[in-house]
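Undergrad: This is what each chain is made of:
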Amino acid sequence: MGVVVQTIGFGIAAGAVISLGAVGFTVQFGISNVLNITYGAFMTLSAYLGYALLNRGLDVWLALLLVAVAMALISVLFNRVFLGPLQRRGAGFVSVVIGTVAAGIILQGVIVILVGPGAITYGAQFGTTVSALGFTFTVAQLIIIGMTLALMLGLHLLLTRTRIGRAMRATSTNRTVARACGIRTERIIDLTWLLTGFLCGAAGVALAVTTVTFDFSLGSIFLIYMIAAAVLGGIAQPYGAMIGGIVVGVASQLGAAYWSPAYQDVVAFTILIIVLLIRPRGLFAAAGVTRRNLSAT
Amino acid sequence: MGESPATRGCAMPRRPGAYGSITSKAVKLSLATLSLVVVVLAGSVGASANRAAGTLNVAVIAPFSGPAANLGKFISLSCYAAAEEVNKAGGVLGNQLGCTPVDDTGDPADAVPAVTRALATSNITMATGLETNTAAVTIPLINNARVPFFTANGLPAFDNTTDAYFWRISPSDAQNGAAYAVWAKLKKYKSAAIVVQANAGNDTAEPGIVRALKKLGIKMTIKLDIPGDAASYASVVAQVIKTKPQVVITADDPQTAATFFSQYKQLNNGNVPPLITATDSLTPDFFNALVKVLGAQFVTKDISLVGYHVNPSSAAFAAYKDGLTSSSHVSASDVPVVTGIGVIAALYDGDIAMALAMNAAHSTSGPVWNKFIVTVTAPGKNKVVVHTYADGLAALNAKKQIDYVGTGGQILFNKYHNSAGNFSATGFNTDGSPRLLSIFGGGLIANALK
Numbered sequence: 001m002g003v004v005v006q007t008i009g010f011g012i013a014a015g016a017v018i019s020l021g022a023v024g025f026t027v028q029f030g031i032s033n034v035l036n037i038t039y040g041a042f043m044t045l046s047a048y049l050g051y052a053l054l055n056r057g058l059d060v061w062l063a064l065l066l067v068a069v070a071m072a073l074i075s076v077l078f079n080r081v082f083l084g085p086l087q088r089r090g091a092g093f094v095s096v097v098i099g100t101v102a103a104g105i106i107l108q109g110v111i112v113i114l115v116g117p118g119a120i121t122y123g124a125q126f127g128t129t130v131s132a133l134g135f136t137f138t139v140a141q142l143i144i145i146g147m148t149l150a151l152m153l154g155l156h157l158l159l160t161r162t163r164i165g166r167a168m169r170a171t172s173t174n175r176t177v178a179r180a181c182g183i184r185t186e187r188i189i190d191l192t193w194l195l196t197g198f199l200c201g202a203a204g205v206a207l208a209v210t211t212v213t214f215d216f217s218l219g220s221i222f223l224i225y226m227i228a229a230a231v232l233g234g235i236a237q238p239y240g241a242m243i244g245g246i247v248v249g250v251a252s253q254l255g256a257a258y259w260s261p262a263y264q265d266v267v268a269f270t271i272l273i274i275v276l277l278i279r280p281r282g283l284f285a286a287a288g289v290t291r292r293n294l295s296a297t
Numbered sequence: 001m002g003e004s005p006a007t008r009g010c011a012m013p014r015r016p017g018a019y020g021s022i023t024s025k026a027v028k029l030s031l032a033t034l035s036l037v038v039v040v041l042a043g044s045v046g047a048s049a050n051r052a053a054g055t056l057n058v059a060v061i062a063p064f065s066g067p068a069a070n071l072g073k074f075i076s077l078s079c080y081a082a083a084e085e086v087n088k089a090g091g092v093l094g095n096q097l098g099c100t101p102v103d104d105t106g107d108p109a110d111a112v113p114a115v116t117r118a119l120a121t122s123n124i125t126m127a128t129g130l131e132t133n134t135a136a137v138t139i140p141l142i143n144n145a146r147v148p149f150f151t152a153n154g155l156p157a158f159d160n161t162t163d164a165y166f167w168r169i170s171p172s173d174a175q176n177g178a179a180y181a182v183w184a185k186l187k188k189y190k191s192a193a194i195v196v197q198a199n200a201g202n203d204t205a206e207p208g209i210v211r212a213l214k215k216l217g218i219k220m221t222i223k224l225d226i227p228g229d230a231a232s233y234a235s236v237v238a239q240v241i242k243t244k245p246q247v248v249i250t251a252d253d254p255q256t257a258a259t260f261f262s263q264y265k266q267l268n269n270g271n272v273p274p275l276i277t278a279t280d281s282l283t284p285d286f287f288n289a290l291v292k293v294l295g296a297q298f299v300t301k302d303i304s305l306v307g308y309h310v311n312p313s314s315a316a317f318a319a320y321k322d323g324l325t326s327s328s329h330v331s332a333s334d335v336p337v338v339t340g341i342g343v344i345a346a347l348y349d350g351d352i353a354m355a356l357a358m359n360a361a362h363s364t365s366g367p368v369w370n371k372f373i374v375t376v377t378a379p380g381k382n383k384v385v386v387h388t389y390a391d392g393l394a395a396l397n398a399k400k401q402i403d404y405v406g407t408g409g410q411i412l413f414n415k416y417h418n419s420a421g422n423f424s425a426t427g428f429n430t431d432g433s434p435r436l437l438s439i440f441g442g443g444l445i446a447n448a449l450k
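Chains L and F, in that order, are what the protein sequence lines are.
Counting from 1, one number per residue, gives the positions in the first sequence under the working numbering.
Counting from 1, one number per residue, gives the positions in the second sequence under the working numbering.
Same shape as in the complex, but just chain L (with noise of 0.2 Å):
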């Protein structure tokens, strides 16, 4: 039982990072309406940026926080320079979405030209070992677990208690509808990149705390564990993409300790399989049509 609590402590850890990459990938793609691959290479961009503010001496947090604000600012740069013209122009929606796999493509180049093909190593950031009740876990760890509980918390709190956040679901719903009710939807749109390239910057930060070393390929492995967390928890959902990605890392950890190390990946997208196979449209979702269905009539 020990080493049960002790693995699903582990995957708590592994999957903190994930969530809070996917959280922000699935806000973004539900309020936008941008399946955003670029994501990952931005995620990437983030781990070399605090690569850099950690060798001018910087705490890592420290570095983690200013990147996370520098990335909302390119985020939103990226929305208006690049998609924005792309979908004004009558770009339909798969043609945005293999704009942003050209646009992470060339910006995974541009790292390597600049940075080189080698790995870049954050070091040992991960401070003290803490265990309790069971779990092991180490401050860097419990740091990454409470900024996602602390974004998650924060996020919903935006999202069902403020205006801003009414305007930002209704911009999801109907962005035509929205514009005509008074809702300045260019405004929340640029929100919305702003609050989901923070979350991007920060999780590119926290993954390559959490995995040391890296290379330019980072982003673009953890994408598509991103992308499961969101299509497992129900697509725009950000609770469901937290625990999706919950989900997927304590998945994986279970399969590595139970099965084979070699085949943890197969472990966590059976299971991704087998929740869409019961529940097509994600742990959450589904739940929450229901729930409209049920106000609806």
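Quick caveat, the hints were computed from the structure, so don't treat them as lab data.
From a predicted model like this one, the values you see are computed outputs, not experimental measurements.
We put the beta carbon where it would ideally sit given N, CA and C, even for glycine.
Any given hint could turn out to be false.
Label pairs and their in silico Cβ distance ranges [said to hold, decoys possible]:
1. L/Thr160 with F/Pro207: 55 to 61 Å
2. L/Leu277 with F/Ser333: 36 to 42 Å
3. L/Leu62 with F/Asn447: 55 to 61 Å
4. F/Lys383 with L/Ile113: 25 to 31 Å
5. L/Gly146 with F/Gly443: 46 to 52 Å
6. F/Gly90 with L/Ile113: 36 to 42 Å
7. L/Gly109 with F/Val374: 40 to 46 Å
8. F/Ala136 with L/Val110: 32 to 38 Å
9. F/Thr121 with L/Val81: 37 to 43 Å
Cβ-to-Cβ under 10 Å is the rule here; a few derived chain F residues that face chain L [said to hold, decoys possible]:
10. Val195
11. Val237
12. Gln239
13. Asp253
14. Ser262
15. Val293
16. Asn418
17. Asn422
Some chain L residues well away from chain F (every beta-carbon gap over 12 Å; in silico) [what the hints assert, rightly or not]:
18. Val17
19. Arg56
20. Leu58
21. Leu62
22. Ile74
23. Leu77
24. Phe82
25. Gly146
26. Glu186
27. Pro261
28. Thr270
29. Ile278
Fit chain F to the known structure of chain L by using the hints.
TA: Chain F only, in chain L's frame:
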């Protein structure tokens, strides 16, 4: 799906959490994810070709992009060093030797079109590289094109190959695996854990490790294959720690090793047992990554890297080093690193042997000069022993028969065109350069695999 609040009027949606039409987005997401996968699988960074009139092109078939890009870089350095030495001595039959990088990305799916394209467009005379991850698909292509090649692959499947144009002067992975175990025995370890990253090279090395550990009486506490570049190995690390190994035999890329052993340190009160790994890891990336997470003292004292041995005091090695330092394609900082990797030096020997074979055959046609590779490397009475291309060329021009003895010593091809050589254990100096710890003969490995 029920009617959404927004389509009914201007009321704000009441249900928190859901944003937009879920079904249509799911379809879009699937399409986009599929696109992403296609793009990722097809992605590669092209490598520049090096062609010129009167140039004999050596195809350097290796990963020049992706996670194993450094391996491709090091393999290409051996070619540039050989080209430098050959061209300095006047070239081959009036031609200059040039190196043409062919980026196989380390992925068979990318390797096939890349090599096919190179064969069709780059006028390839000979080839080098063809490392383990892609060898199974690249070797048949090159062999069928009747291009002689020296390979860095360690697949035991090629131990008894009948491919006429195949040549290898480095051990197979099974022999390398056994060498880790022999070194563990020489260091008097009684128990060892095997933790290797799942890939083609390690899959074929593992049986050699297991077999040799058993033969040598070392207890194998656990054997685990781990995926590369995972966010966490904590549950795997916990399993290894539980078995209390005296040494960990491992083979991983720098990212994987740094993540795995940093978590080992976290979960084992700051302690990590000594590591035995492959000389492939004698790279700045591996050194820097491990120093940052385990400390310089551990890395210089407790990590030993085992593999094919080259003799740094030999005349062939001096020529190899001269070629590296003279080549404009090689940066000075790479020289101390690359000279520590035996397999790379073996490829240099292969390039020199091929160039000498062309001279001996008076032909640049592969099917003609291929069999002369044995002619210029086999020992024999009345043969002139040479250690450099220049000396070999001079002897051939003087109508003498030659025996090229390379950086790893005498080359002795068996009937399958394999020559295994000796092994060594190397450590890191504080600046990341290699430090020879010990040399042990191929006989020990052969015994451990019996």
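Undergrad: Look at each hint and say if it fits the structure.
TA: Here's how the hints hold up against the structure:
no., hint, in the structure
1, L/Thr160 with F/Pro207: 55 to 61 Å, "holds (58 Å)"
2, L/Leu277 with F/Ser333: 36 to 42 Å, "violated (54 Å)"
3, L/Leu62 with F/Asn447: 55 to 61 Å, "holds (57 Å)"
4, F/Lys383 with L/Ile113: 25 to 31 Å, "violated (49 Å)"
5, L/Gly146 with F/Gly443: 46 to 52 Å, "violated (58 Å)"
6, F/Gly90 with L/Ile113: 36 to 42 Å, "holds (37 Å)"
7, L/Gly109 with F/Val374: 40 to 46 Å, "holds (44 Å)"
8, F/Ala136 with L/Val110: 32 to 38 Å, "holds (34 Å)"
9, F/Thr121 with L/Val81: 37 to 43 Å, "holds (38 Å)"
10, Val195, "holds (9 Å)"
11, Val237, "holds (9 Å)"
12, Gln239, "holds (7 Å)"
13, Asp253, "holds (8 Å)"
14, Ser262, "holds (5 Å)"
15, Val293, "holds (5 Å)"
16, Asn418, "violated (29 Å)"
17, Asn422, "violated (30 Å)"
18, Val17, "violated (6 Å)"
19, Arg56, "holds (16 Å)"
20, Leu58, "holds (16 Å)"
21, Leu62, "holds (19 Å)"
22, Ile74, "holds (21 Å)"
23, Leu77, "holds (22 Å)"
24, Phe82, "holds (16 Å)"
25, Gly146, "holds (17 Å)"
26, Glu186, "holds (17 Å)"
27, Pro261, "violated (5 Å)"
28, Thr270, "holds (15 Å)"
29, Ile278, "holds (15 Å)"
Taken one by one, the earlier hints fail for this structure at numbers 2, 4, 5, 16, 17, 18, 27, listed in ascending order.
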